[in-house]
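2 protein chains.
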Amino acid sequence: MATSNTDTKVMRIALDAMGGDFAPVNEIHGAIKAFEDFFADSNIEVIFVGDEKKINAALHQFDYSKLKYSIVHADEVITMHDDPTAAVRKKNSSLYKGLELQSQGYADAFVSAGNTGAVLSTSTILLGRIKGVSRPTIGSFFPSQKSTPCFVLDVGANIDCKAKFLYEFAVMGSIQIKNMFGVDNPRVGLLNIGEEESKGSEVLQETYKLLKQSKLNFIGNVEGRDILKGTADVVVCDGYTGNVVLKFAESFLGFFKSAVVSFSKKNIFNLAVAGIMKPFLKKIFMQFDYQEYGGVPLLGVNGVVIIGHGKSSPKAIEHMLKRAVEMVDNEINMKISKAINTDFFIDSER
Amino acid sequence: MATSNTDTKVMRIALDAMGGDFAPVNEIHGAIKAFEDFFADSNIEVIFVGDEKKINAALHQFDYSKLKYSIVHADEVITMHDDPTAAVRKKNSSLYKGLELQSQGYADAFVSAGNTGAVLSTSTILLGRIKGVSRPTIGSFFPSQKSTPCFVLDVGANIDCKAKFLYEFAVMGSIQIKNMFGVDNPRVGLLNIGEEESKGSEVLQETYKLLKQSKLNFIGNVEGRDILKGTADVVVCDGYTGNVVLKFAESFLGFFKSAVVSFSKKNIFNLAVAGIMKPFLKKIFMQFDYQEYGGVPLLGVNGVVIIGHGKSSPKAIEHMLKRAVEMVDNEINMKISKAINTDFFIDSER
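Chains A and B, in that order, give the protein sequences.
Residue numbers for the first sequence follow our numbering, so the first one is 7 and each next one is one higher.
Residue numbers for the second sequence follow our numbering, so the first one is 7 and each next one is one higher.
Take the hints with a grain of salt, since some may be wrong.
Treat identical chains as interchangeable: a pair holds within one or across any two.
[Stated by the list, open to error] Below are the DMTMM-like pairs computed for lysine to aspartate or glutamate, each with C-alpha atoms no more than 20 Å apart in a straight line:
#: 1; residue 1: 205; residue 2: 88
#: 2; residue 1: 15; residue 2: 47
#: 3; residue 1: 137; residue 2: 51
#: 4; residue 1: 205; residue 2: 166
Keep in mind that the hints were calculated from the coordinates and are not lab data.
Whole structure, please, built from the sequences with the hints as guidance.
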């Protein structure tokens with residue numbers, strides 16, 4: 007598998023053209039935009055994986071003169087309702103075929119706005135895990151009062167987590183946030199219900215010890231309020247808690263909209279204020295939309311996989327492709343492997 | 007212990023006068039306001055528990071002509087930094103003495119803006135648990151898009167929860183929200199990462215079964231986004247997750263303030279918009295301030311205990327006292343005992 011973008015070698019990104027709710031149009035449109043904005047004159051090529059007819063029909067809706075692409079046909083589609091474990095057996099799906107291209111060395115990365123659970127399970131099976139990584143993980147970027155976001159992981163891939171898993175999430179999260187946002191020596195916090203080392207479950211107390219002994223920049227336990235404050239660059243927690251907080255955060259927009267609507271209905275003055283406020287509020291809440299960061303990486307698998315929201319806009323797809331290229335260029339996985347197996351090594355029993 | 011407010015019997019509420027960050031002034035002021043606004047011509051009396059001199063000095067800052075009160079002196083104060091387990095041994099503290107008044111039948115309820123962990127542990131020891139209740143719990147009221155709030159419990163009292171505990175939280179939460187907000191047949195949701203019964207940890211799957219078999223109005227699994235949506239009236243989860251979400255929600259105000267400040271600094275027009283928006287935003291975010299609901303009840307102990315935020319304002323204290331009186335009047339504990347032991351009974355092995 008190619009891991010670096012050199013002048014002589016083509017970097018190929020397989021894109022699940024059937025993944026999102028607006029597939030394949032948003033996928034095609036996003037890829038075209040990526041070539042207009044970022045990949046002009048590059049050695050990058052996108053491989054659309056999915057229904058060839060539908061892909062060609064979508065292509066013809068746009069000017070795709072700048073696009074460098076190929077198409078790999080796939081008959082089947084994994085929907086959002088498909089069970090992730092069953093999806094692994096749908097070998098003619100765009101999701102499976104796209105990942106297979108990477109596992110067989112025909113692509114350097116895979117991008118999908120499809121069924122997250124299915125991407126996770128199929129990636130783990132087809133690509134395997136990076137040596138030393140116990141569990142692949144999905145994180146999410148939260149806005150913070152600092153200039154860079156707070157990276158919370160896991161947000162749903164791993165419900166029950168051992169201390170070792172949480173420690174590995176911290177290692178992978180640190181490498182990701184350093185490479186993606188240029189944060190040197192990222193501050194790592196352990197999500198807990200108090201600052202003291204003795205707080206929380208046994209697993210959290212054990213994780214605290216692992217993190218304290220590591221070479222990571224561990225700042226100790228952090229609380230729910232520290233995510234948006236930006237107290238830490240990387241916050242680790244089990245996937246149940248991370249998922250609850252992520253979905254809670256995403257629901258603020260709807261809550262706020264409904265509050266603004268009932269406020270604006272009270273009188274004509276309020277209606278005017280609401281009108282003035284609207285674009286500003288939209289801007290703040292866009293920060294909670296993880297499409298803005300161009301999807302999130304699946305960390306810990308032996309390959310590059312970017313997962314987007316089902317509702318991904320063309321802009322989100324565009325940024326997911328850009329993110330995938332960056333991850334290949336930055337050799338994130340080599341860095342994770344090195345960190346997990348040597349740099350951050352604590353003891354052989356861990 | 008008196009459990010009902012009749013014409014002939016005095017209802018006594020013990021108030022931890024030394025509990026909050028602004029004690030005893032806010033406590034005294036809040037009590038005076040309660041008598042002005044709610045308890046005029048009632049048979050209610052407040053017992054200030056704490057340093058007699060300081061209490062008297064605070065009283066003289068106000069017109070307390072409407073107040074019906076007595077003072078029980080307590081030498082010691084449990085601070086926010088005291089370890090909850092150590093606090094149990096501080097028998098001369100206002101917190102301990104106030105709860106002792108209730109356990110010995112001299113008071114019908116206890117109200118404190120002090121150390122939550124200390125109130126929890128001391129209440130459990132001095133008052134005991136309601137028969138059939140495994141763990142006392144603390145919930146919190148979240149604003150929702152519905153007219154009544156969403157009651158999330160537990161929010162920090164119980165880190166590791168068995169299915170039985172979560173089930174009991176659902177029973178207690180339902181009774182509380184019905185009595186406090188007049189919600190008939192409250193909808194109960196189990197906080198999870200997907201709707202399907204098979205989602206989440208083993209404990210959550212087991213809890214799902216218990217709730218489904220019960221007479222509660224169980225609407226199934228709910229996700230993080232459902233709290234603010236108001237999909238359910240009562241949302242149950244372990245105290246770790248509830249605490250993280252609560253503190254995350256409380257931090258939105260700070261995040262938003264900082265976003266508004268940086269927005270208003272951009273130009274004079276933005277500054278004007280920010281000025282117009284401010285009172286409105288304040289109003290929305292006030293909903294996330296649990297003082298507005300007058301503190302939260304400690305459910306499952308054999309008595310009435312209301313816990314407030316350390317920063318409780320006089321208004322918050324006032325509402326906490328009102329809440330305590332309502333809980334005594336509504337005989338919440340008798341209802342919980344009945345529901346846990348008979349009405350919602352599933353099987354003897356539970």
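Checked against the structure, which of the hints given earlier come out wrong?
3
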